[in-house]
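K.L.:
Please assemble the complex out of the two chains, which come individually in their own frames, going by the hints.
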Amino acid sequence: MSTATPTLTGAAVDLTDLTVRFQSKRSRTTAVTDVSLRVDPGEFVTIVGPSGCGKSTLLKIVAGLVAPTSGTVSLLGRPVRRPQQDIGFVFQRPALLEWRSVRRNILLQAEMRGLDRSVAARRADELIALTGLTGFEKALPHELSGGMQQRVALCRALLHQPPVLLMDEPFGALDALTREQLNTELNRIWRDTGTTVLLVTHSIAEAVFLGTRVEVMSPRPGRIVRTFPVDIPPERDYAQVMSDARFDRLATQIRRLLGAGANH
Amino acid sequence: MTHRAADQSAGLVTDDVPAAAPPTVDAAGGSPAGGNARPATRAGSRLLRLLEALWRPALLLAALFAGWWFAAEREYMPNYLLPTPGQVWATMTEDWSFLMRNTYVTLYETVIGFVLAALLGLGTAVLIVYSRTLEKAVYPIVLFAQVIPKIAIAPLLVAWFGVGLTPKVVLAVLIAFFPVVISGVAGLRSTDPELLDLSATMGAGPWKTFRKIRFPHALPHLMSGLKVAVTLAVVGAVVGEFVGAEEGLGYVLLVANGNLDAALLFADLFLMSLIGIVLFAVVEVAEALLIPWHASRRGGVPLATS
Numbered sequence: 001m002s003t004a005t006p007t008l009t010g011a012a013v014d015l016t017d018l019t020v021r022f023q024s025k026r027s028r029t030t031a032v033t034d035v036s037l038r039v040d041p042g043e044f045v046t047i048v049g050p051s052g053c054g055k056s057t058l059l060k061i062v063a064g065l066v067a068p069t070s071g072t073v074s075l076l077g078r079p080v081r082r083p084q085q086d087i088g089f090v091f092q093r094p095a096l097l098e099w100r101s102v103r104r105n106i107l108l109q110a111e112m113r114g115l116d117r118s119v120a121a122r123r124a125d126e127l128i129a130l131t132g133l134t135g136f137e138k139a140l141p142h143e144l145s146g147g148m149q150q151r152v153a154l155c156r157a158l159l160h161q162p163p164v165l166l167m168d169e170p171f172g173a174l175d176a177l178t179r180e181q182l183n184t185e186l187n188r189i190w191r192d193t194g195t196t197v198l199l200v201t202h203s204i205a206e207a208v209f210l211g212t213r214v215e216v217m218s219p220r221p222g223r224i225v226r227t228f229p230v231d232i233p234p235e236r237d238y239a240q241v242m243s244d245a246r247f248d249r250l251a252t253q254i255r256r257l258l259g260a261g262a263n264h
Numbered sequence: 265m266t267h268r269a270a271d272q273s274a275g276l277v278t279d280d281v282p283a284a285a286p287p288t289v290d291a292a293g294g295s296p297a298g299g300n301a302r303p304a305t306r307a308g309s310r311l312l313r314l315l316e317a318l319w320r321p322a323l324l325l326a327a328l329f330a331g332w333w334f335a336a337e338r339e340y341m342p343n344y345l346l347p348t349p350g351q352v353w354a355t356m357t358e359d360w361s362f363l364m365r366n367t368y369v370t371l372y373e374t375v376i377g378f379v380l381a382a383l384l385g386l387g388t389a390v391l392i393v394y395s396r397t398l399e400k401a402v403y404p405i406v407l408f409a410q411v412i413p414k415i416a417i418a419p420l421l422v423a424w425f426g427v428g429l430t431p432k433v434v435l436a437v438l439i440a441f442f443p444v445v446i447s448g449v450a451g452l453r454s455t456d457p458e459l460l461d462l463s464a465t466m467g468a469g470p471w472k473t474f475r476k477i478r479f480p481h482a483l484p485h486l487m488s489g490l491k492v493a494v495t496l497a498v499v500g501a502v503v504g505e506f507v508g509a510e511e512g513l514g515y516v517l518l519v520a521n522g523n524l525d526a527a528l529l530f531a532d533l534f535l536m537s538l539i540g541i542v543l544f545a546v547v548e549v550a551e552a553l554l555i556p557w558h559a560s561r562r563g564g565v566p567l568a569t570s
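Chains as they are written, first to last, in my numbering: chain A, 1 to 264; chain B, 265 to 570.
Next comes chain B alone, as it looks inside the complex (with noise of 0.2 Å):
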């Protein structure tokens, strides 16, 4: 029965290791070649995709840029409208230190509700799933809280929790639970019935099969809608910021605003965008070390063939 595993090996896929001898697996216990190797080939060819994905946008970009400064220059448009690129270079770093602290204020609401909605919107999918009687009960309702418009409960936040951090924050959590659920359901529902009959079989109790095969199996969908949940809670906080608030970069906007400042304002926007951007790739690097296994984030190519 050896030499099948030696019959096996002949059908390896070689052709990343162009240059090596076609891999044996010997009963020693070598190792299949080919399989974690090359890391600096495979970051080179990483980088130019990279590259190759973000040239176009780029170009974009420059262009939309371009055409700003231009007309801003030129005064199409009168500069308390529309700034230059300058103006708005020269306040954010005039301004520097009281936007940071801004910044840090809409951040801290804006990660602190995303945080709550994850673990809420994963404690409800769990209840939804395992439950029928809480599906029942808790899936209309949550799609009911969905289509009210939670800008417009804004307002009535402000009132309730005053202008302090509570009222962003739960606005954030409202705005960005429904992706984590959804999410959530969809992805514990994924799993592979025959494997929950195979975890029966050994004896494992719900909570063992939750951790090592359920949630696991979840993972890719879940952090699917994290990412979608993180971008929303920005908007939340910002909201919030907008109905009342003492500080955050939603109030700052309101004040630029107010003062016809737009080079403050700009400069605002892009803090805005920032952390979202910010955010957002925090969490697709958690996804890339959470499940390098998946589909989504493997370019490798299959080790055998046959």
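Only chain A is shown next, with the shape it has when bound in the complex (with noise of 0.2 Å):
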């Protein structure tokens, strides 16, 4: 179930025609409406946009978590109508188990999957190697960083190498330092593993560094108003990202869009 780029000829992620309207007691808000979004095996989509504008709503509807109030979605050629098993999931905070080990957080994954335990272990200690998290094995996360949690968080997203990962807002309240380092890990994760990224972010500079493509998004209720591709090669040095002009420019561009309001 587990290759990395699935053999299926069409898109990892397809939404059509998405709205998400939530009913409370008196009123009713449209948190998306009328978004079509398309991402091929191996892509790093980023989408960027003002907060409240749904972008999370979306994430939540690959996963299948929230059912759209209309329109169709599909993960891997399959119409989302439950949970999807195929993903790995990054949240904002790590929301690690405070009782268990680093190792015996990542391995959650398997246990709820029910994965054999010496391939999992193997893996889990290659995805610590390859986060940078030797030597931590043992800690419990109230012992770590906030980056380091948020690595132990990823490592476990990736334990049972899904074939789309779907990050929201990973970075977000991590300092900026930290941030840029884990950007730089990301980029060179996802090209290690070929993974579909579909990340979801506020900063345009994260935006623009990680992603092939970027899909900005309107004030609630959000739309996709237009779509940059990022003509950078998938290797990124984040130094040399930040001064290539190409990156300047693209940054330019969606931070006029979003000061505009996004309104057209």
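Hints in this document: simulated from the structure, not taken from any laboratory.
Positions of the beta carbon are idealized from the N, C-alpha and C atoms, including for glycine.
Where hints are given, some of them may not hold.
[Unchecked claim] Here are the simulated lysine-lysine pairs, DSS-like style, with alpha carbons at most 30 Å apart:
#1 B:LYS472 <-> A:LYS138
#2 B:LYS476 <-> A:LYS138
#3 A:LYS60 <-> B:LYS476
#4 B:LYS472 <-> A:LYS60
#5 A:LYS60 <-> A:LYS25
[To be verified] Simulated coverage check for chain A against chain B, where a stretch passes if three residues somewhere in it have a Cβ under 8 Å from a Cβ of chain B:
#6 55 to 65
#7 73 to 87
#8 98 to 109
[What the hints assert, rightly or not] Between beta-carbon pairs, the in silico distance windows are:
#9 A:ARG81 <-> B:VAL379: 42 to 50 Å
#10 A:ARG82 <-> B:THR397: 20 to 28 Å
#11 A:THR16 <-> B:ARG396: 55 to 63 Å
#12 B:VAL542 <-> A:GLY114: 41 to 49 Å
#13 B:ASP456 <-> A:SER36: 31 to 39 Å
#14 B:ILE405 <-> A:ARG81: 34 to 42 Å
P.N.:
Okay, here's the thing in structure tokens:
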């Protein structure tokens, strides 16, 4: 079930004419409206937009955790109707189990899925080395910094080698330096694993640095107002990309679009 | 990327191992220094903290004890109302086996009542958390049952179940049940919704999610509920004995009172309190073993700061 790039010729994620309304007792809010988005296998698509524009809702829809009011969703060519298992999910908060060590937090993924223990253990050790957590396997979450906790969450999301990785502002709560480090690491992990990534952020720099394509959303009700292909080669170095003229141009365009209220 | 780990280790908090060199993390799998080391100093500081916490109440107790002793020896109140500590001690040693037999009865009733209350309370909490319908049906009844003064229905219980073990256990359960339910519900509801989402994408069933995520998360809340419950269970058992019994500390208390045997009454009171204190300590120890990871139970310093 878990080859990194599915052999399907179709899209990894396909959203068509998606609208989501939330009904509360008094009011009815439209979270996202008329969103169509296709992510091909191996792509790294970033969605950037103001707070509350329904970006996170989109990810939950892809994961099958929220049902859209109208429109269709498919993941790896299959319609999404219930919580999906072919995905890895990283949230803004690490959401680790306080009582489990780093290693056992990562292995939670295998235990819940009933994966083979020895295979999972080997894979966990690989990921621990890959994300620089070596030496902290036995530490408890509260003993780690925010950046390291988020690395653990990333390892947990990658343990079962999901074809699609969904990330909801994964580095939003971290300081700028840690965030840059983790961006570089994520870029490398994405190239190494070939996983399809759909990442939501409100940082323009992060969206452009990580994405092969940036989708810009409007304020609520969220719509995708423009798509920017990022024509920077996939292997990216933070300092280099930041001083790249193409990066500047894209970031400026996106900033203008978002600053203008993105109403067109 | 390997040097990143080294960068991180430079940010480790090392003030708890001042003499040691800054810990380094190597790719060969060195463990983070300062993790579980220095048990000796930790035990020492724990003892100091304990003494620091205890000397004030100890002093107050000693003063009260001295006041009691003084008042009783000088017979400001007659000894059949206020016995001297010496008289209480004499009764305690003379009637030791009699008192122990009755302490055992009360302890037995209390423990059974507490365990049943814990199990029933947790079960009810699970039902309330997992089923909206049951929540609507059961929660109001639990609340309503709580406002009925349980002590007032003790005579009824004796009429129904006789003077044996049953009415005491039932009363202990009824009194201890409520805090378990309330803390259980609060604990089970405290699970991070993102963890539940995550669990759903891992394809885990409700039982696995309960076992691995929700129940451990509920434990800190639940344990505080159990601490309240265990002290209440003692009250339940003793009140049950007051109303109708042939043995137990509650029964002995009534007899002592009727005979104006103040020394026996005091000895009995001490033993009752002792049951409560010991059972509370047992739950406290269980808590320390079950949730050493919880914020309320750790005094350590984080390994990494940045």
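K.L.:
Within 30 Å, alpha carbon to alpha carbon, are A:LYS60 and B:LYS476?
P.N.:
holds, 23 Å
K.L.:
Does B:LYS476 pair with A:LYS138 here, judged by a C-alpha cut-off of 30 Å?
P.N.:
holds, 18 Å
K.L.:
Check the following: the C-beta atoms of A:ARG81 and B:VAL379 are separated by a distance inside 42 to 50 Å.
P.N.:
holds, 44 Å
K.L.:
Given the range 55 to 63 Å, decide if the beta-carbon distance of A:THR16 to B:ARG396 lies inside it.
P.N.:
violated, 33 Å
K.L.:
Taking the Cβ atom of B:ILE405 and the Cβ atom of A:ARG81, is their distance within the range 34 to 42 Å?
P.N.:
holds, 37 Å
K.L.:
Under 8 Å between beta-carbons, do enough residues of the segment 98 to 109 of chain A, three at least, approach chain B for the coverage claim to hold?
P.N.:
holds (count 4)
K.L.:
Mind checking the hinted window 20 to 28 Å against the Cβ distance between A:ARG82 and B:THR397?
P.N.:
Since the Cβ atoms of A:ARG82 and B:THR397 sit about 22 Å apart, the hinted range of 20 to 28 Å holds.
K.L.:
Are 3 or more residues of the segment 73 to 87 of chain A near chain B, judged by a Cβ distance of less than 8 Å?
P.N.:
With 4 residues in contact (Cβ-Cβ under 8 Å with chain B), the coverage given for the segment 73 to 87 of chain A holds.
K.L.:
Between A:LYS60 and A:LYS25, does the CA-CA distance stay at or below 30 Å?
P.N.:
holds, 22 Å
K.L.:
CA of B:LYS472 to CA of A:LYS138, is that 30 Å or under?
P.N.:
The hint holds at about 23 Å.
K.L.:
Are 3 or more residues of the segment 55 to 65 of chain A near chain B, judged by a Cβ distance of less than 8 Å?
P.N.:
Contact hint for the segment 55 to 65 of chain A vs chain B: holds, 4 residues under 8 Å.
K.L.:
For the hint 41 to 49 Å, verify it against the beta carbon of B:VAL542 and that of A:GLY114.
P.N.:
holds, 43 Å
Comparing the model with each numbered hint stated earlier shows that hint 11 is the single one that does not hold.
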